[in-house]
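Number of protein chains: 2
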Amino acid sequence: MRVADYIAKFLVREGVRDIFVLTGYGAMYLNDAITLQPELKYYCARNEAAAPMMAEAYARVKKSLGAVCLTSGPGSTNAIPGLAEAWVDSAPILIFSGQVQRSHTTYAAGLPGLRTFGTAEINIVPIVRTLTKYAEMVMEAESIRYHLEKAVYLATHGRPGPVWLDIPMDIQSAEIDENNLRPFIAPEESFSASDLEAGVEKTAKLLLSSKRPLLLGGHGIRLGSAIEEFRALSEKLQIPFILSRFAQDIIPYSHPLNMGQAGIKGVRYCGAVMKSADVVLSLGCRMAVQLAGHRFDAFAPDAKIVMVDIEEDELKKPGVPLHLAVHADVKKFLHKLLKYLPSASSAVGEKKWLEDCAQLKKDHPMVTADFKRNPIDLYYFMSRLDALSGSEHLFTTDAGSNYYAGGQVYHFEKGQREITSGTFAAMGLSIPLAIGAAIAAKDSQILAVTGDGSLELNIQELKTISYYKLNIKLFVINNGGYLSMRNWQDGFFEGRRIGSDDETGAESLNLKKVAEAFDLKYECIARCEAIDDQLKKIMKEKGPLFVEVICDNRQKIIEPIKDFSSQKASSACK
Amino acid sequence: MRVADYIAKFLVREGVRDIFVLTGYGAMYLNDAITLQPELKYYCARNEAAAPMMAEAYARVKKSLGAVCLTSGPGSTNAIPGLAEAWVDSAPILIFSGQVQRSHTTYAAGLPGLRTFGTAEINIVPIVRTLTKYAEMVMEAESIRYHLEKAVYLATHGRPGPVWLDIPMDIQSAEIDENNLRPFIAPEESFSASDLEAGVEKTAKLLLSSKRPLLLGGHGIRLGSAIEEFRALSEKLQIPFILSRFAQDIIPYSHPLNMGQAGIKGVRYCGAVMKSADVVLSLGCRMAVQLAGHRFDAFAPDAKIVMVDIEEDELKKPGVPLHLAVHADVKKFLHKLLKYLPSASSAVGEKKWLEDCAQLKKDHPMVTADFKRNPIDLYYFMSRLDALSGSEHLFTTDAGSNYYAGGQVYHFEKGQREITSGTFAAMGLSIPLAIGAAIAAKDSQILAVTGDGSLELNIQELKTISYYKLNIKLFVINNGGYLSMRNWQDGFFEGRRIGSDDETGAESLNLKKVAEAFDLKYECIARCEAIDDQLKKIMKEKGPLFVEVICDNRQKIIEPIKDFSSQKASSACK
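Protein chains in written order, with this note's numbering: chain A, 46 to 619; chain B, 46 to 619.
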């Protein structure tokens, strides 16, 4: 059997049923092996940049491995934007790149002055090294099983992340005996059991003696399959919880203990909550600048902060000052903590704390009646999208205003998922993420939101949506392009604009014509009164649709907190 | 003065008049400094990937530095496809990326487990290290002059190439005294003068005693400003020359000593020429696989090969077997060689050799009368584009069939330039290269050719063409998409296609609608009889135009040589 066929079979054995590709000469045997594997369906991206983004969404929705196959040289370097996303968003994807024959690689030549050697050849491994958990060029056909098993193990264990295997052409086509290949032996787990015990004990004591405890849930809760444990802890001790942008969809907003999104673009009252807490237990959340603000010591200034994370370096970084750092798998930590707590234990903390939290939540809704106005307020539109959606829906959002607004108004009452560029909030992600999600969840409908600026960065993939007739409703917010950039240019630089409006290089496209060019049916939402009826009709139909939503081009983003240090604790919370 | 303003002023002093940007928060002070510098005009790309490609074309056309300014995180990783092009194509471009404040960088944290730290932050330097001649994060405001001067020196000296400076936000805005900054002191040249003398002497002896000498000119001839010296050597000794894909535009094809393009997709008779030569002097040409074929020893099997290159590792690589390797600047080498030759020296080699070469060239034209047919033959179309063009024209080509055909039929009789993805022959380059060329040469008209497959990879930049009303005539070859891929899939894999036609994921776009979506006037060339009239009219008008050219979708590429080892020397050459 050819190595290429072994790879395709291996993927099927690992449960991969779909692979994202852009074909090319350097990956010819890999491509051919895919066509020969009936259980492996391929989807063609129109630019390699988007393929890992699709695979990321696929992996996150299916909670399994995503796979990508690309060609050598530019086929590989084109994919780095998507790879970087998967890296920072901790998505387990496996990227294969084709490569020229070994004897024509700069890797084998070992001469640093060679920039390229074979046809469309580049040494991709050092370029992607710091963006992957494992990146290797396969130099021996017989090592293929080892590399594949190691790559999948690393992609999916610990903090997940992308891995990359570069396969030279003569390796792709080499014949191997599949029964005679070296396996990979997974290492023992490296966490310290006694540290975990100690961490659990200290945390329990802190919580049980706290007056205003707060749980902070991050992406690690989902990655670590710890949603049920997180909810159980919160409910057992009646501790309110607040969530990162990434973790918002783990529990519906209406849950009485759910305080919504933390962060500098979080819910209106999150500053007051953080300011008032006396113990914060952060679980699978790295407390990034986007969440904690620029002055880390002002984030929860009166709280003892306990941080539990699977990535040791996240605990060591010069970030939020920690009372206790626990290096652990969050599910194991929660499991042990729940067992450790007295079985009869009930609500901890002051009763007033819970009442204050409930009052804050009630008094400070994100969207109020006056948001229903014309020109359409983005918050209002997105809140209606959320309200009218059902359990069959998946959301994607893009960079800029819709990213912030989505985080602030989506409530996930029906258990919907959101797949977004959680870490970078990068432009151009919504379309490829929607594609990957649609392929992973064929019975779902994707409610994808993008901006007229972000749209352009992966506009070529509109054709992927129409070609595969994916059940994606793409809402393109027309707000005159690059709204967020205009906002900071006006704020910081006295209105000296650059690349952010019609006059400075960022004139928007005619969206109706764009839809036509990419074979997508088009609809326009232009008045707030029509939103509900139009959305209901749109959601009823299957298949792709491009919806232009004409919004206020002076939309302001609600920034309850510029910096936590300037936020006064609400009197309601005192 | 802010560091950002110092940078903008520095660029102007270096002769940079245009900079390619995509604005973003992380580069806000850099962007603002650009708006404040009246001599520096900015052009907005629609995806960062295309910005370095534009800068590459700009640098190559102007023979000066190209400049790019991007934002942090995804803004930086998005640019890597273009960076990789500039790297392998040896283009001197300087890329600035914005970065978060120093204290929020993973670089400063020094913890390998941190994937990202500040807002939209990534440690870009290690990612781009192997794709640049210099890549640094600027950690001290006072070091800015040193870094800028060193970066420009390295970008433009020796073998040119891209450099990258990552500028944290607090450095961008830091105040400096511009008179109190440390300069960069350029190092002494490292070439050995005695090696050069010896190389010149040996080369001269070889040439003077040869029977069938041949010069092989590469991209280094232009990069090293040695076109005149190359021509002088050829004419003085009456030695025929053959050119790499990259060097074809240095001397018109009609020059009696010009044998056209070498390589596996070269002119029809290049195998015979290579087979017959007894001395080959390769100048600024790396003799890549694309040129020399897969069996290096079969390239010029009976010739003593002398290779002159500025990059020492190119001489050491396991490539074409060398009789003599000379590590030198090609201009200095030629200058010395010309001086060394007896002043009265005239034609070297056998008279019959020159006659054979002339006969081969006459007998084997690339395009013959029968190419004028319908559906349009791509070779015929591109040969007419070449024939009707004038000195005001610049060509760009894209990957695949039009890349090969352009290399085989363009004759550059009026001294036209071609800017193409010379090394990778990557998809999606023609549009951004055309944009950069149009901005560099405002009085030129760009004749840009792309395929309906390649078009999609940077389709967003069509709006850049229309927005800036650039004088670009974009010819989009409609041949059913991904023609080259279909050809190899049919050839190697019994027609098992993947991602290369309508049924396998690569359905083409409706090109007329695409032109409309991106605000470009549209025209269609569909019949061979109409080509001349239509082209004449098209070339007369200024401004952008999108021209669909409906070509044969079963077009075969002329491959005179699959492998030089299988090529018999033409009897005409014996």
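There may be inaccurate statements among the hints.
Straight-line alpha carbon distances no greater than 27 Å define the calculated DSSO-like cross-link-like pairs of lysine-lysine that follow [stated by the list, open to error]: (1) Lys-514/B with Lys-557/A; (2) Lys-582/A with Lys-514/A; (3) Lys-381/B with Lys-566/A; (4) Lys-361/B with Lys-558/A; (5) Lys-107/A with Lys-361/A; (6) Lys-361/A with Lys-247/A; (7) Lys-397/B with Lys-557/A; (8) Lys-381/A with Lys-86/A; (9) Lys-361/A with Lys-381/A; (10) Lys-417/A with Lys-281/A; (11) Lys-558/B with Lys-558/A; (12) Lys-417/B with Lys-384/B; (13) Lys-407/A with Lys-384/A; (14) Lys-361/A with Lys-396/A; (15) Lys-396/B with Lys-361/B; (16) Lys-514/A with Lys-349/B; (17) Lys-582/B with Lys-557/A; (18) Lys-487/B with Lys-514/A; (19) Lys-566/A with Lys-558/B; (20) Lys-349/B with Lys-256/B; (21) Lys-281/B with Lys-361/B; (22) Lys-384/B with Lys-362/B; (23) Lys-601/B with Lys-566/B; (24) Lys-361/A with Lys-417/A; (25) Lys-558/A with Lys-459/B; (26) Lys-417/B with Lys-108/B; (27) Lys-107/A with Lys-514/A; (28) Lys-514/B with Lys-558/A; (29) Lys-349/B with Lys-361/B; (30) Lys-195/A with Lys-247/A; (31) Lys-256/B with Lys-558/A; (32) Lys-587/A with Lys-558/B; (33) Lys-566/A with Lys-582/B; (34) Lys-557/A with Lys-566/B.
These stretches of chain A come out as covered by chain B in the derived footprint (C-beta under 8 Å, 3 or more residues) [unchecked claim]: (35) 369-383; (36) 468-482.
Reference listing, derived: stretches of chain B covered by chain A, where coverage requires no fewer than 3 residues with Cβ under 8 Å from a Cβ of chain A [unchecked claim]: (37) 51-64; (38) 105-115; (39) 213-223; (40) 233-247.
Because the hints were derived from the structure by calculation, they are not lab data.
Even for Gly, the Cβ is constructed at its ideal location relative to N, Cα and C.
Going through the hints against the structure:
1. Lys-514/B with Lys-557/A: Cα-Cα ~22 Å, so holds.
2. Lys-582/A with Lys-514/A: 18 Å, holds
3. Lys-381/B with Lys-566/A: Given pair Lys-381/B, Lys-566/A is violated - Cα atoms ~67 Å apart, limit 27 Å.
4. Lys-361/B with Lys-558/A: The given pair, whose Cα atoms are some 54 Å apart, is violated under the 27 Å limit.
5. Lys-107/A with Lys-361/A: At roughly 32 Å apart (the allowed maximum being 27 Å), Lys-361/A and Lys-107/A break the hint.
6. Lys-361/A with Lys-247/A: 19 Å, holds
7. Lys-397/B with Lys-557/A: At roughly 66 Å apart (the allowed maximum being 27 Å), Lys-557/A and Lys-397/B break the hint.
8. Lys-381/A with Lys-86/A: 41 Å, violated
9. Lys-361/A with Lys-381/A: Roughly 23 Å separates the two Cα atoms, so the pair holds.
10. Lys-417/A with Lys-281/A: 39 Å, violated
11. Lys-558/B with Lys-558/A: Holds, at roughly 7 Å.
12. Lys-417/B with Lys-384/B: 48 Å, violated
13. Lys-407/A with Lys-384/A: Given that 27 Å is the threshold and the Cα spacing comes to 33 Å, the pair is violated.
14. Lys-361/A with Lys-396/A: 34 Å, violated
15. Lys-396/B with Lys-361/B: Violated, at roughly 34 Å.
16. Lys-514/A with Lys-349/B: 60 Å, violated
17. Lys-582/B with Lys-557/A: 31 Å, violated
18. Lys-487/B with Lys-514/A: 43 Å, violated
19. Lys-566/A with Lys-558/B: 14 Å, holds
20. Lys-349/B with Lys-256/B: 12 Å, holds
21. Lys-281/B with Lys-361/B: 30 Å, violated
22. Lys-384/B with Lys-362/B: 30 Å, violated
23. Lys-601/B with Lys-566/B: 30 Å, violated
24. Lys-361/A with Lys-417/A: Not OK: Lys-361/A and Lys-417/A at ~46 Å, beyond 27 Å, violated.
25. Lys-558/A with Lys-459/B: Distance of about 40 Å is beyond 27 Å: violated.
26. Lys-417/B with Lys-108/B: Violated - the C-alpha atoms of Lys-108/B and Lys-417/B are around 37 Å apart, more than 27 Å.
27. Lys-107/A with Lys-514/A: 20 Å, holds
28. Lys-514/B with Lys-558/A: Since the Cα atoms of Lys-514/B and Lys-558/A sit roughly 19 Å apart, the hinted pair holds (cutoff 27 Å).
29. Lys-349/B with Lys-361/B: 16 Å, holds
30. Lys-195/A with Lys-247/A: 36 Å, violated
31. Lys-256/B with Lys-558/A: At roughly 64 Å apart (the allowed maximum being 27 Å), Lys-558/A and Lys-256/B break the hint.
32. Lys-587/A with Lys-558/B: 25 Å, holds
33. Lys-566/A with Lys-582/B: 36 Å, violated
34. Lys-557/A with Lys-566/B: Holds, because 17 Å separates the two Cα atoms, which is no more than 27 Å.
35. 369-383: violated (count 0)
36. 468-482: Coverage by chain B holds here, the residue count being 6 at a Cβ distance below 8 Å.
37. 51-64: That given contact is violated, which follows from only 0 residues of the region 51-64 of chain B lying within Cβ reach (below 8 Å) of chain A.
38. 105-115: violated (count 0)
39. 213-223: violated (count 0)
40. 233-247: violated (count 0)
Violated hints, in rising order: 3, 4, 5, 7, 8, 10, 12, 13, 14, 15, 16, 17, 18, 21, 22, 23, 24, 25, 26, 30, 31, 33, 35, 37, 38, 39 and 40; the structure is consistent with all others.
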